[in-house]
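Participant: Protein chains in written order, with my numbering: chain R, 180 to 291; chain U, 43 to 156.
Heads up, some of the hints might be wrong.
Unchecked claim - Facing chain R, according to a computed beta carbon distance under 8 Å, are these residues of chain U, among others:
hint, residue
1, Y75
2, K84
3, S90
4, E98
5, A145
6, F147
Hint data in this document are derived by calculation from the structure and do not stem from the laboratory.
By construction, the Cβ of each residue, glycine as well, lies at the ideal position given by its N, Cα and C atoms.
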Amino acid sequence: LAKTTQPISMDSYEGQEVNITCSHNNIATNDYITWYQQFPSQGPRFIIQGYKTKVTNEVASLFIPADRKSSTLSLPRVSLSDTAVYYCLVGDSDNQGGKLIFGQGTELSVKP
Amino acid sequence: EPEVTQTPSHQVTQMGQEVILRCVPISNHLYFYWYRQILGQKVEFLVSFYNNEISEKSEIFDDQFSVERPDGSNFTLKIRSTKLEDSAMYFCASIFRPMNTEAFFGQGTRLTVV
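Pulled out of the complex, with its shape left as it was, chain U reads as follows:
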């Protein structure tokens, strides 16, 4: 079964540091997403990406966040200056096309900001 791969599985960083979370979406998928889930809370949409540009972003996705697809396979989320409240699980997802088809999620990166 195809899968979305995320690295690292766990990242600990100091407040104010930059982090890059990496994702390898399913190869023939065209739409990519980042979600986050703070411990004990619901899964929250951050940003969607299509055709090498952001198609939609939530209010959570402020200027500290950026996404990039630097090559044909990786999809990254960068947090420029981490805050304590950025501690959460970050999930990458991809979908072939948003026409009522299944979205595939990665296993997530647990980000801990200390």
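Just chain R, same shape as in the assembly:
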């Protein structure tokens, strides 16, 4: 399993764009990069997943450089409700039976 490293915490203000970068230097060829969001006392929630280049959905964008050794989750114009812990996960879910290995995550605090 590729180990991931992401900042422990980040602060932002409402309306700003937030970029959270995750390092995964040992990512394998078959590994996908997935981000989850967790609010206090709730289960993690899938945000976005990608393999390379850029993926965008209604919630966020995921930027993955050519070497795939890092990835950046971009949250446009955050609001107070985006305050949560964001987890970067890397793995080949097929070989792992689908289990997800969570790190410490990045605690994002959005201030008014």
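Guided by the hints, dock chain U onto chain R, whose structure is given.
Facilitator: Using the frame of chain R, we list chain U on its own:
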């Protein structure tokens, strides 16, 4: 939107008692999981379940733990003799197939062992 349902939302039990945590995964999903999260710590994998049997378990999942899918809808986690350190949030998750698809988590059961 489909959702994973867990009951109860909060359970308080005395040390040494047995508890059963219940989950209703999304109906067409095939793979089921239990995770736990001790307050202030990261989400930890406990066990995965597929085709009516455990496919993988972590070192946390010792003989005190068991899982069962007694019918076509429920997925349960049993802790036979609870310890104080079992106090945590327990999350159930399901996935259609582990081929890079989204995992759906329930809202969790907060277990407090006193």
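Participant: Mind checking the CB of U:Y75 against every CB in chain R and telling me if the closest is under 8 Å?
Facilitator: Check passed: Cβ of U:Y75 comes within 6 Å of chain R, closer than 8 Å.
Participant: Regarding the hint that U:E98 lies at the interface with chain R, is the smallest CB-CB distance below 8 Å?
Facilitator: holds, 5 Å
Participant: How about U:S90: closest beta carbon in chain R under 8 Å, or not?
Facilitator: It holds, given that the least Cβ distance between U:S90 and chain R is near 5 Å, below 8 Å.
Participant: Once the shortest beta carbon distance from U:F147 to chain R is found, is it less than 8 Å?
Facilitator: Where the cut-off is 8 Å and the nearest Cβ of chain R is about 3 Å from U:F147, the hint holds.
Participant: Report holds or violated for the interface hint on U:A145, using the least CB-CB distance to chain R and a cut-off of 8 Å.
Facilitator: holds, 6 Å
Participant: With a cut-off of 8 Å, does the beta carbon of U:K84 approach a beta carbon of chain R closely enough for the hint to hold?
Facilitator: It holds, given that the least Cβ distance between U:K84 and chain R is near 5 Å, below 8 Å.
When the structure is compared with the earlier hints, no violation turns up for any of them.
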